[in-house]
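Undergrad: Here's the letter readout for the chains.
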Amino acid sequence: MIRKNSMRIAALGVLSALALTGCASNSGSGSSSAAADCAPADGKVELSFTSWIPGIDKVVDLWNEKNPDIQVTVQTGPNGNGGTYKNFFNQLEAGNAPDLGQIEYDALPNFRVQDGLENIAACDGVLDSKDQFIDWTWNQVTFGEDDAVYAVPQDTGPMAMYYRKDLFEKAGIPVPTTWEEYAAAAETIRAQGGYITNFPQNDVNWFAGLVWQAGGQWFSNTDDAWKVTLDSPESTKVADYWQGLIGDGLVSKVPAWTDEWNNAYNTGSDWTWISAVWGANSISTGAPDTSGNWAVAPMPQWNAGENAAGNWGGSSTAVLKGSKHPYEASKFALWLNTDPEALTALNQEANLYPATKDGLTLPVLADGVPFYGDQAIYDVFADASGEVNPDFTWGPTMTQTYADVADGFGGVLGGSGTLTEALETGQEKTISALEAQSIPVAK
Amino acid sequence: MSATLSAPARRGDEDGTPDASRSGRKPRAPREKLMSRTAAMIVMVVSCFYFLLPVWWLFVSSTKSREQFGSTNGFLLADFNLFQNIGDLFAYNDGIYLRWMLNSVLYAGAGALIGTLISAMAGYALAKYRFPGRELVFNVVLGGVLVPATALALPLFLIFSQVGATNTFWSVFLPSLVNPFGVYLARIYASASVPDELLEASRLDGSGEVRTFFTIARKLMTPALVTIFLFQFVAIWNNFFLPLIMLRDESLFPVTLGLYTWNSQVNQIPEIRTYVIIGAFVSIIPLVIAFLSLQRFWQSGLGSGSVK
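Read top to bottom, the protein sequences are chains C and U. Position 181, counted from 1, in the first sequence is what our numbering calls 181; the numbers after and before it change by one each time, with no gaps. Throughout, our numbering is defined as the position within the second sequence, counted from one, plus 1000.
Rather than coming from a laboratory, the hints here were simulated on the basis of the structure. In this text, a Cβ means the ideal position worked out from N, Cα and C, and glycines have one as well. Be aware that a few hints might be false.
Sample of chain C residues facing chain U (criterion: CB under 7 Å; computed from the structure) [to be verified]: (1) P54; (2) P78; (3) T285.
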């Protein structure tokens, strides 16, 4: 826990430094979006690619073997908000940014607004690849602009419900399919001494995933102005629901990703986790004693009979501004994120879940997983993936928004305020942060 | 950090005894003495406990297997897997951790050695030679003490970018050599411990200025130099922000940045958590060794600098 906190402080330091240096170079919302020419270079090309995915160098080696004329060097660093985004901005400022960089979907608008991304729509095969990708991911990398593609989707985090099958069966509770049933189950479970799940203070993007499922969104961009809607009706609905569970003491309140949190799952004190596909690995390593007792079901629904799903996490491969070889860079990015061999390797090395439609049926994702009682859990996520609302938009100030909302959530878990109030505060602070960067805001 | 604690603690205790008896009035002296000693002991024990507790946690956690790490009490030993864990750590990702340790030793060791030499020469020159602008130079150096290294990282990055030298060994090594506080300490110590008469004598005997510095002044200044070396070694070892901004190539990382990078990947690859903890434990060992072996010099050096 100590370690994690110090990381946060470090991240905060990085952020404030970013705020200091960022203003100078930032001149309102992005420049013209016309796609530049994209022609292949003569002769051998060397590309640099910064990514924090562990083991990605092994995947890139596959490419380098087959493409002697386009050699890619992997550079690494901490995860995006841990310092790599800040480094990208520094490098863009200094004019020595890597050709390619990993950028999470929720950080892309920030890079777009600061004009850090190359429009690769004119590059060979980029526009044609649209149909290969899951609909919502394509909107993330185009920002809804015509004739524009700013990155290639890499991975996704469709959400579902992990639950302790054995405990639910023993207690005679049917697996909840709606949020109403979920709340009812929460009471039964609490009566037996357990908690249905945990409410994390700092995983604000998890909460955003729930809002996403409810059909809401926090940002939209129309006529070159940003509209901030953290307090939208859908968002408030989700907040009120969880406020009820927290207020009635039906959910545990330990900080996520700590030993305490792992322990709550390992000892069977927490019974479910609404989480993304990559969470499968978090449970199996965090709660090894419960192997074989878990199962995965679709997320509970707001209206019975629907199939809506949210998404938590995922990143893209972007060609950063100033790259001399956008043609070769986009060629590599397309291979990395669509080629079955690459997708399989990414999944094996780093549990990445593909952003392509074909990728969801990779052989490596078809098998049953022993930890989940040999259930073919990825089938559930593949279904969820198709049900994610394609129109969700992230804002250009997500790090700040997350931090402000997390502060409010912390207060709620400590017993003061409500989740709705936390979102309202986040709303206000986000608007002032946008205005401070002279980004136009639609009221 | 933990190593320094025991030394001042012991000294404070010894000092406390004569002080209390001197200041207290005669009839009440023994009682006060006992009370103040007990109070001092309690403060020392509590702070010792406070400082050592995280280190103990780190040690205990390093000895646990991944399963037991989550399920057993963090302060109590379970099955002893330390050597197994260290073996795994050194093998993970083709032994990149050992590379990081080596880098850290190189950055901190060589950097502190050369940096100390530069500080010593500058401090000695400022203390022993009279030249116009001497005080101005010294005041500028003193001003440098006030500027945190973190604030210089970004300008340094932009400068190194201009010459295309980011993401190289030198981009971290060269800035690490500069240590204004070391210059300050060296000047104070040189003026206190190197007598002008001795320098006069060596000049009369025909020794050149450089030779005088290396054969006479350096020896007299040794305690201060060890202090400067330790200060700088620790500063470079713990310097995190500069490598974070400068370096992209994993094989150039110092151990601090490497561990931070791993830690930021824990959510994605939970297995790495074990390596982060054991890595953190192993990475403090060189610092502990440096402190324990140079502790004696460190104390006398600090003391003489502060009296002047």
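Undergrad: Each hint should be assessed against the structure and marked as holding or not.
TA: Taking the hints in turn, this is what the structure says about them:
1. With a least beta-carbon distance of about 5 Å to chain U, the hint placing P54(C) at the interface is held under the 7 Å criterion.
2. Here the hint on P78(C) is kept, as its CB sits about 4 Å from the closest CB of chain U, short of 7 Å.
3. With 7 Å as the threshold, the beta carbon of T285(C) comes within range of chain U, its nearest partner Cβ sitting at about 4 Å, so the hint holds.
Hint compliance for this structure: no hint is broken.
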